[in-house]
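Trainee: Residues per chain, in single letters:
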Amino acid sequence: MNKILLIIQREYLTRVKKKSFIVMTILGPLLMVGLIVAQVWISTMPEEKQNIVVVDESQLFVNKMENSESQQFTYSKNSLSTEQQKFYQSEYNMILYIPANIIDSQTIQMFYKKQPGVGMQAYISSSISKKLEEMKLLASGIQPDQLAAIKTKLNLTTTKIEKSGDLETKDSEVSMALGFIAGILIYIFIFLYGAQVMRGVIEEKTNRIIEVIISSVKPFQLMMGKIIGIALVGLTQFLLWVILTYAGSTVAGSYFASQRTEANLKEQTFKTNIPNQQLMNQAAVENNPDMFSAVFDQINFPVMIFSFLFYFLGGYLLYGALFAAVGAAVDSEADTQQFMLPITIPLIFSFTMAQSVMSNPESAVSFWLSIIPLTSPIIMMVRIPFGVPYTDLILSMTLLVAGFLGATYVSGKVYRTGILMYGKKTTYKELWKWLFYKS
Amino acid sequence: MNIFSAVDIVKKYDKHTALDGVSINVRKNSIFGLLGPNGAGKTSLIRIINQITGPDSGELYFNGERLQQKHIEQIGYLPEERGLYKKMQVGEQALYLAQLKGLSRHDALKKLKYWFEKFEITTWWNKKIEELSKGMQQKVQFIVTVLHEPELLILDEPFSGFDPINANLIKNEILELKQKGISIIFSTHNMASVEELCDDIALINRSKKILDGSVHEIKKQYKSNTYKVEFTGNLIAFTNAIWTGCELIEKHTEGDHHVATVKLLYEATPNQLLQAIIPHVNVNGLHEIIPGMNDIFIAKVSDEKIVSGSNYTE
Numbered sequence: 074m075n076k077i078l079l080i081i082q083r084e085y086l087t088r089v090k091k092k093s094f095i096v097m098t099i100l101g102p103l104l105m106v107g108l109i110v111a112q113v114w115i116s117t118m119p120e121e122k123q124n125i126v127v128v129d130e131s132q133l134f135v136n137k138m139e140n141s142e143s144q145q146f147t148y149s150k151n152s153l154s155t156e157q158q159k160f161y162q163s164e165y166n167m168i169l170y171i172p173a174n175i176i177d178s179q180t181i182q183m184f185y186k187k188q189p190g191v192g193m194q195a196y197i198s199s200s201i202s203k204k205l206e207e208m209k210l211l212a213s214g215i216q217p218d219q220l221a222a223i224k225t226k227l228n229l230t231t232t233k234i235e236k237s238g239d240l241e242t243k244d245s246e247v248s249m250a251l252g253f254i255a256g257i258l259i260y261i262f263i264f265l266y267g268a269q270v271m272r273g274v275i276e277e278k279t280n281r282i283i284e285v286i287i288s289s290v291k292p293f294q295l296m297m298g299k300i301i302g303i304a305l306v307g308l309t310q311f312l313l314w315v316i317l318t319y320a321g322s323t324v325a326g327s328y329f330a331s332q333r334t335e336a337n338l339k340e341q342t343f344k345t346n347i348p349n350q351q352l353m354n355q356a357a358v359e360n361n362p363d364m365f366s367a368v369f370d371q372i373n374f375p376v377m378i379f380s381f382l383f384y385f386l387g388g389y390l391l392y393g394a395l396f397a398a399v400g401a402a403v404d405s406e407a408d409t410q411q412f413m414l415p416i417t418i419p420l421i422f423s424f425t426m427a428q429s430v431m432s433n434p435e436s437a438v439s440f441w442l443s444i445i446p447l448t449s450p451i452i453m454m455v456r457i458p459f460g461v462p463y464t465d466l467i468l469s470m471t472l473l474v475a476g477f478l479g480a481t482y483v484s485g486k487v488y489r490t491g492i493l494m495y496g497k498k499t500t501y502k503e504l505w506k507w508l509f510y511k512s
Numbered sequence: 003m004n005i006f007s008a009v010d011i012v013k014k015y016d017k018h019t020a021l022d023g024v025s026i027n028v029r030k031n032s033i034f035g036l037l038g039p040n041g042a043g044k045t046s047l048i049r050i051i052n053q054i055t056g057p058d059s060g061e062l063y064f065n066g067e068r069l070q071q072k073h074i075e076q077i078g079y080l081p082e083e084r085g086l087y088k089k090m091q092v093g094e095q096a097l098y099l100a101q102l103k104g105l106s107r108h109d110a111l112k113k114l115k116y117w118f119e120k121f122e123i124t125t126w127w128n129k130k131i132e133e134l135s136k137g138m139q140q141k142v143q144f145i146v147t148v149l150h151e152p153e154l155l156i157l158d159e160p161f162s163g164f165d166p167i168n169a170n171l172i173k174n175e176i177l178e179l180k181q182k183g184i185s186i187i188f189s190t191h192n193m194a195s196v197e198e199l200c201d202d203i204a205l206i207n208r209s210k211k212i213l214d215g216s217v218h219e220i221k222k223q224y225k226s227n228t229y230k231v232e233f234t235g236n237l238i239a240f241t242n243a244i245w246t247g248c249e250l251i252e253k254h255t256e257g258d259h260h261v262a263t264v265k266l267l268y269e270a271t272p273n274q275l276l277q278a279i280i281p282h283v284n285v286n287g288l289h290e291i292i293p294g295m296n297d298i299f300i301a302k303v304s305d306e307k308i309v310s311g312s313n314y315t316e
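Those protein sequence lines, which keep their order, are chains C and S. The first sequence maps to residues 74 to 512 in the numbering used here. The second sequence maps to residues 3 to 316 in the numbering used here.
Chain C with its partners taken away, still in its complex shape (with noise of 0.2 Å):
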């Protein structure tokens, strides 16, 4: 046991000392931090204004599109074929022709000089056919205080009934992408110090060292040494990312918002109507923290952390004995890939299968894929903010512990054999035959 917890200690320490492991931790939270900075500030940067000349043969529209900062309609009188013919003259982007016809045609065009997005073109025709659509229901001869009347603006809540009969309301979004996320962690986590084990197993196998460690310490001792050792640098490494990109994101985050306000006050000093959706979103969101306390509460914290640091560590504890047996296996690295394709397959499985397990949280493929062990870490961890019943969490838990267990034993036998074995190619076969050999 002693022995053991030596392993661990040189395996952590040699780590953690490295230039590479100071430069990821540093660097990790600056790229986090600079691709939400990134966000932001694209997010603020005032889109490219589209000038759109309207053809209205109808003249049902005229003037009755709304400008806004993104877009600027203005109302030509002339034909389509003449401002078709001076488009690459004028200083509009689109031509926006409204046949006389629209109302039994149903059909508008555009030209354009540069395609216009995706949502450019919905808002134009979403605003156009909500247009014709009220024009209709006047025609017909509702009042307009009718038809203002009849809008209306549906707020969906969802609710689930417990067994019990309690009835619980989430706001899903919030605690949908933080399951998502931990999920994705999980993932990057799983490959990254999966990987050290492997390398650090092939390390000490060309080095051959291993000869000289075996003939102190168990094989068994020696593999497990090298797997803790290492969970115990990813977590250190993910703790220090978690601490950093907090306070990176802080000190970032007052700073934009120190500007935003400025930008604010310069907006209303210049008198400027046009509404900026977004910075009023964002500005409503920073001030008031009530309402993220309130999304924050509907999330069940204790079970979602303990969860997050269960499968983070049980599936990488899962994934890493059998990494140490891949590298136990080969002489290089160069030879690992016919042997990490099993192990790989089902993460990049489990990780592909998330977007669809979000959307339909509970499904059987869900059901199963956040049971089985070697899907459950990264899955799981995407069910439980829809709230996974504590029967499931219970059984997915504990194959999970029973898979590790599974996992080392295999991987120690394959280990065992395979770091005694140089020069040779390894095949399926013979790890097959690994697995019986006595002690």
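Everything labelled a hint here was simulated from the structure, so no lab data went into it. One or more hints might be untrue.
[Stated by the list, open to error] The calculated label-pair distances, taken between Cβ atoms and stated as ranges, are:
#, chain 1, residue 1, chain 2, residue 2, range
1, C, 421, S, 173, 56 to 66 Å
2, C, 96, S, 135, 26 to 36 Å
3, S, 174, C, 411, 19 to 29 Å
4, S, 29, C, 96, 55 to 65 Å
5, S, 40, C, 501, 45 to 55 Å
6, S, 135, C, 82, 53 to 63 Å
7, C, 82, S, 18, 37 to 47 Å
8, S, 135, C, 497, 24 to 34 Å
All C-beta atoms in this analysis are idealised placements derived from N, C-alpha and C, irrespective of residue type, glycine included.
We have chain C already, so just place chain S on it with the hints.
Mentor: Same frame as chain C, but now just chain S:
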């Protein structure tokens, strides 16, 4: 008293038998040579002694007890394929490996200090292994092997990778360790060092032990009653004098100084040889030709090949 015994060890890998009923006894405070051609099964046996692998059948004893996990702390092992963590610092690494062998950090530090001073390598403490030359790495590895003062030391080709000066340094260390009461299993292909260092040997070939015993006894057993005689005088007279009881195998002449190799027949003694030749020539010297371990090794291993070769044709 034996420090280590292996009785009737069998080890099979798949279809290949690596060890087939091999027994060895290592006397306390002796150097035991484990010899054999490549692929004979030496490494398999060494791994079994180190408990890296276990035998399929057979018994192992350490100091009279059954070999157990706890004994690894009393065994030091220098494998033929050396290796250390390249990126780790010398001192840190030596400390780690010593602690794995059961030394406390405090003891390990104290002992490392002694050895680093003895080998005059204290300045290496903070260097990474990859910064050292191959010979320097070997020195570090040797220290790590003996640091925990094992009762039994297993050295697999300990001189490979050393220049003659350092090889001599290591040889003297081995002899010094033996004086301190440590027993050593010494595996090598270098027969000169076997004759110089070993008390006993076992020769393994094709998974079987084909020869064992003390070096002295084996040599005696393999000597062929052949003598080298140096004399001055008439060679023909010499030949006539010995022809009844001896066979002249080889002769070498320089002026009237002759060196003749003579094999004594019919259990004749060197005294009888001298009596026969003294009346005819002036004898300058007489000494027995003792076969080297090299000759015995080659003879035994090629014998085996012939035997198994004939088996093969049957």
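Trainee: Are the hints correct? Go through all of them and say.
Mentor: Each hint tested on the structure:
1. With their beta carbons about 57 Å apart, residue 421 of chain C and residue 173 of chain S fall inside the hinted range of 56 to 66 Å.
2. The hinted range of 26 to 36 Å is satisfied by residue 96 of chain C and residue 135 of chain S, whose Cβ atoms lie roughly 30 Å apart.
3. Between residue 174 of chain S and residue 411 of chain C the C-beta distance comes to about 50 Å, which lies outside the given range of 19 to 29 Å.
4. Under the hint 55 to 65 Å, the C-beta atoms of residue 29 of chain S and residue 96 of chain C, about 57 Å apart, fit the expected range.
5. At about 29 Å, the CB distance of residue 40 of chain S to residue 501 of chain C disagrees with the hint of 45 to 55 Å.
6. Checking the proposed 53 to 63 Å range against residue 135 of chain S and residue 82 of chain C shows it is violated: the Cβ atoms sit about 29 Å from each other.
7. Restraint check, residue 82 of chain C to residue 18 of chain S: a C-beta distance of roughly 39 Å satisfies the suggested window 37 to 47 Å.
8. Against the hinted window of 24 to 34 Å, the Cβ-Cβ separation of residue 135 of chain S and residue 497 of chain C comes to about 30 Å, which satisfies the hint.
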